[in-house]
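Note that the protein sequences, when read in sequence, are chains A and Y.
The first sequence lines up with residues 637 to 747 when you count with this note's numbering.
The second sequence lines up with residues 238 to 351 when you count with this note's numbering.
Please keep in mind that the hints were generated in silico from the structure rather than gathered at the bench.
It is possible that part of the hints are untrue.
To be verified - Negatives, chain A to chain Y, calculated, CB over 10 Å:
id : residue
1  : Thr-701
2  : Arg-717
3  : Asp-718
4  : Ile-735
5  : Ile-736
6  : Lys-739
7  : Ile-745
Said to hold, decoys possible - The following label-pair restraints were derived from C-beta to C-beta distances:
id : chain 1 : residue 1 : chain 2 : residue 2 : range
8  : Y       : Pro-298   : A       : Glu-702   : 40 to 46 Å
9  : A       : His-744   : Y       : Gln-278   : 36 to 42 Å
10 : A       : Leu-716   : Y       : Tyr-338   : 35 to 41 Å
11 : Y       : Arg-246   : A       : Leu-716   : 19 to 25 Å
We put the CB at the ideal spot given by N, CA and C, even for glycine.
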Amino acid sequence: DAKTTQPPSMDCAEGRAANLPCNHSTISGNEYVYWYRQIHSQGPQYIIHGLKNNETNEMASLIITEDRKSSTLILPHATLRDTAVYYCIVRVARRDDKIIFGKGTRLHILP
Amino acid sequence: EAGVVQSPRYKIIEKKQPVAFWCNPISGHNTLYWYLQNLGQGPELLIRYENEEAVDDSQLPKDRFSAERLKGVDSTLKIQPAELGDSAVYLCASSFSGDAYEQYFGPGTRLTVT
């Protein structure tokens with residue numbers, strides 16, 4: 637079973653920041669928080685991951701609370717192309733560790 | 238760099254017929270995964286290969302599903318015979334064993350069993 641809890645859906649206006657929350661209260665000390673997204677008719681795409689520090693890349697920022705029980709994925713300037721299902725995943729960063737997906741959050745970017 | 242290639246993209250078959258899906262991973266990726274995605278759900282792992290070896294096939298329904306990865310590159314997933322409940326998207330992913338963070342997914346094959 638997925639170890640994360642996400643809202644089933646969210647709306648965000650185009651050009652605004654999209655903030656996607658994720659709860660992972662049972663996360664272990666050696667587990668990372670990953671985010672993937674899946675655009676319609678495509679396979680999932682890696683976005684970002686982090687252990688305890690906040691992370692930023694060209695796609696998004698990841699904010700992890702100090703107790704690591706929750707996190708927020710931030711898309712700073714959402715566009716229509718960001719409409720997708722976003723999956724928050726907790727996993728140990730081993731090469732042989734499978735990804736356990738939950739149902740994710742369906743993000744709708746509104747024009 | 239070419240991504241993970243899957244074919245066919247769509248397949249419609251009648252129940253009890255066999256079907257096969259093909260995956261070509263990213264060049265140099267020695268780990269290959271097959272996932273099943275039902276409508277409205279996240280993908281679920283069916284089988285994982287390290288080179289030619291299936292190292293995790295615990296979720297593969299072995300009575301009707303089979304997979305192979307000859308020569309440690311391309312892979313084929315087969316269903317025989319197909320059932321109505323097998324209608325889903327079958328996703329292939331690959332990763333490089335030296336990079337523990339990211340799996341690269343193909344576009345998937347959408348199977349409809351009638």
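Would you assess whether Ile-735 of chain A, listed as outside the interface, keeps its beta-carbon beyond 10 Å of every beta-carbon in chain Y? 6 Å, violated
Range hint 36 to 42 Å: satisfied by the CB atoms of His-744 of chain A and Gln-278 of chain Y? At roughly 19 Å between Cβ atoms, Gln-278 of chain Y and His-744 of chain A fall outside 36 to 42 Å, so the hint is violated.
Does the no-contact call for Lys-739 of chain A survive, Cβ to all of chain Y over 10 Å? At about 6 Å from chain Y, Lys-739 of chain A fails to clear the 10 Å cut-off, so the statement is violated.
Beyond 10 Å on every Cβ pair: is that true for Ile-745 of chain A relative to chain Y? Per Cβ check, Ile-745 of chain A is outside 10 Å of chain Y; nearest 20 Å; holds.
Does Arg-717 of chain A really sit off the interface, with its C-beta more than 10 Å from all C-beta atoms of chain Y? Since the minimum Cβ distance to chain Y is about 16 Å, Arg-717 of chain A lies beyond 10 Å and the statement holds.
Hint check for Leu-716 of chain A and Arg-246 of chain Y - Cβ pair distance inside 19 to 25 Å: 23 Å, holds
Does Thr-701 of chain A really sit off the interface, with its C-beta more than 10 Å from all C-beta atoms of chain Y? 21 Å, holds
Using the beta carbons of Leu-716 of chain A and Tyr-338 of chain Y, state whether their distance is inside 35 to 41 Å or not. 28 Å, violated
Given the hint of 40 to 46 Å, is the C-beta distance from Pro-298 of chain Y to Glu-702 of chain A inside that range or not? Since the Cβ atoms of Pro-298 of chain Y and Glu-702 of chain A sit about 43 Å apart, the hinted range of 40 to 46 Å holds.
Minimum C-beta separation from Ile-736 of chain A to chain Y exceeding 10 Å: can you confirm that? 8 Å, violated
Closest CB-CB distance from Asp-718 of chain A to chain Y, is it above 10 Å? 18 Å, holds
Of the hints listed earlier, those the structure fails to meet are numbers 4, 5, 6, 9 and 10, in rising order.
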